[in-house]
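Visitor: The opening position of the sequence shown corresponds to residue 3 in the working numbering, with each subsequent residue numbered one higher.
Among the clues, some could well be false.
Beta-carbon label-pair distances, calculated as ranges [stated by the list, open to error]:
1. Thr175 x Arg123: 50 to 56 Å
2. Asn209 x Gln155: 27 to 33 Å
3. Val150 x Ser81: 40 to 46 Å
4. Lys111 x Pro352: 32 to 38 Å
5. Leu343 x Glu300: 44 to 50 Å
6. Leu374 x Glu300: 38 to 44 Å
7. Val250 x Asn92: 57 to 63 Å
These are calculated hints, taken from the structure and not from any lab test. Note that beta-carbon positions come from the ideal geometry of N, C-alpha and C, so glycine has one too.
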Amino acid sequence: MEATPLAEQLRPKKLSQFVGQKHLVGKDGVVRKLLESSEREGFFPSLIFWGPPGCGKTTLARIIANHLKREYYEFSAVSSSIKEIEKVMNKDTLLAPVVVIDEIHRYNKAQQAKLLPFVERGDIILIGATTENPSFEIIAPLLSRTRVLLLNQLTETEIQSITKKGEKYLSKTMQPKTRKFLIESSNGDARVALTVLDIAAHITKSNSISVQIIEQALQRRQYTFDKKGEDFYNVISAFIKSMRASDVDAALYYLARMVAAGQDPLYIARRMVVFASEDVASPTALVVANAVFQACDEIGLPECQENLAAGTVYLANAKKDRSAYNAYMAALSDVKKFGNLPVPLKIRNPVTKLMEDVGYGEGYEKYTKESLLPEKLIGKKYYSKIKR
Numbered sequence: 003m004e005a006t007p008l009a010e011q012l013r014p015k016k017l018s019q020f021v022g023q024k025h026l027v028g029k030d031g032v033v034r035k036l037l038e039s040s041e042r043e044g045f046f047p048s049l050i051f052w053g054p055p056g057c058g059k060t061t062l063a064r065i066i067a068n069h070l071k072r073e074y075y076e077f078s079a080v081s082s083s084i085k086e087i088e089k090v091m092n093k094d095t096l097l098a099p100v101v102v103i104d105e106i107h108r109y110n111k112a113q114q115a116k117l118l119p120f121v122e123r124g125d126i127i128l129i130g131a132t133t134e135n136p137s138f139e140i141i142a143p144l145l146s147r148t149r150v151l152l153l154n155q156l157t158e159t160e161i162q163s164i165t166k167k168g169e170k171y172l173s174k175t176m177q178p179k180t181r182k183f184l185i186e187s188s189n190g191d192a193r194v195a196l197t198v199l200d201i202a203a204h205i206t207k208s209n210s211i212s213v214q215i216i217e218q219a220l221q222r223r224q225y226t227f228d229k230k231g232e233d234f235y236n237v238i239s240a241f242i243k244s245m246r247a248s249d250v251d252a253a254l255y256y257l258a259r260m261v262a263a264g265q266d267p268l269y270i271a272r273r274m275v276v277f278a279s280e281d282v283a284s285p286t287a288l289v290v291a292n293a294v295f296q297a298c299d300e301i302g303l304p305e306c307q308e309n310l311a312a313g314t315v316y317l318a319n320a321k322k323d324r325s326a327y328n329a330y331m332a333a334l335s336d337v338k339k340f341g342n343l344p345v346p347l348k349i350r351n352p353v354t355k356l357m358e359d360v361g362y363g364e365g366y367e368k369y370t371k372e373s374l375l376p377e378k379l380i381g382k383k384y385y386s387k388i389k390r
């Protein structure tokens with residue numbers, strides 16, 4: 003067997019061999035249309051490929067470069083400096099080369115800015131690949147000069163197609179249950195699936211690969227959860243929204259996703275404390291959420307995951323009421339809109355004789371039902387108890 007990794011050996015060279023991303027490479031896909039138009043007009047735009055690991059970003063970039071019949075340079079923002087890339091960009095070539103920068107989000111704003119003039123003049127066709135949301139990680143001027151294309155996580159059917167090619171190449175076989183285990187463990191990442199299959203093929207003497215061999219090669223299932231990346235925000239958002247919708251099962255699933263991926267339990271508990279005040283009708287919820295936070299702080303993982311689970315079940319099942327939160331946000335909106343409106347004299351505190359003489363506290367009644375809002379806001383209603 004060759005020393006080159008299986009994922010590299012099986013990397014498609016043509017669009018017809020590419021698996022997945024039909025919305026981009028299918029009959030009406032934008033990439034296919036751009037490649038077809040480039041044959042007539044010679045134009046191809048700079049692109050940003052945004053998608054999860056192992057979905058085909060680099061492979062698609064290489065296929066584009068091959069189709070365009072242009073010089074191709076590939077860099078990683080993790081290991082390559084901008085100076086290295088500038089040497090390529092400053093080359094005098096007849097056709098603009100294709101410059102692929104993997105993990106382009108790793109470059110800071112100043113480094114990204116150095117790419118601007120080359121992209122703007124068309125000196126290069128830039129294809130940036132990123133797992134992070136370009137809206138947050140790529141500077142606006144560079145975004146305005148490129149087109150962002152979203153690549154989706156590969157489906158189980160697509161991963162199965164790729165793993166079967168790997169089996170054939172390695173002259174190995176897997177039973178359906180073994181293949182399913184590998185596919186599920188790869189979490190939509192073709193590179194993970196092929197790497198594990200490659201290792202499995204090397205550590206077994208049999209022509210048939212078993213679940214146990216895949217487990218050995220895998221060591222552990224892959225949990226895609228970058229604690230600073232977009233997936234982090236997606237999962238924590240799903241956790242909160244599941245509790246808000248009183249979907250206990252979904253809330254527990256997203257909690258388990260975070261815990262399994264190594265998220266700080268105190269971060270999860272903090273969000274539960276906030277949720278208890280924002281979304282739950284009973285003040286007891288805040289007591290429960292605080293107790294969960296304290297337990298996580300004192301006990302730590304792995305035991306505190308049980309506290310998180312108990313708190314999640316309570317908050318998800320609790321009666322929901324956002325009236326206090328909504329009322330406060332409405333009041334805050336008026337504060338921002340109108341600034342510091344004068345407090346009515348009758349509820350000002352007359353701490354000196356002069357203040358009393360000018361009307362501070364005059365007419366104040368402890369249990370009055372009239373509005374005590376500033377004059378400009380009299381009659382305004384922020385809080386309305388939600389009836390359920």
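Visitor: For each hint, tell me whether it holds in the structure or not.
Guide: Hint-by-hint comparison with the structure:
In this structure, Thr175 and Arg123 meet the distance hint of 50 to 56 Å, their C-beta atoms being roughly 53 Å apart. Checked against the given bound of 27 to 33 Å, the beta carbons of Asn209 and Gln155, roughly 31 Å apart, stay inside it. Evaluation of the 40 to 46 Å hint for Val150 and Ser81 yields a failure: the beta carbon distance comes to about 24 Å. Separation of Lys111 from Pro352 is about 55 Å and departs from the stated range, judged on CB atoms against 32 to 38 Å.
For Leu343 and Glu300, the Cβ-Cβ distance of about 45 Å falls inside the hinted range of 44 to 50 Å, so the restraint holds. Hint check: Leu374 to Glu300, Cβ distance near 43 Å, so the stated range 38 to 44 Å holds. Taken as a hint, the range 57 to 63 Å holds for the pair Val250 and Asn92, whose Cβ atoms sit roughly 59 Å apart.
Violated hints, listed in ascending order, are 3 and 4; each of the other numbered hints is respected by the structure.
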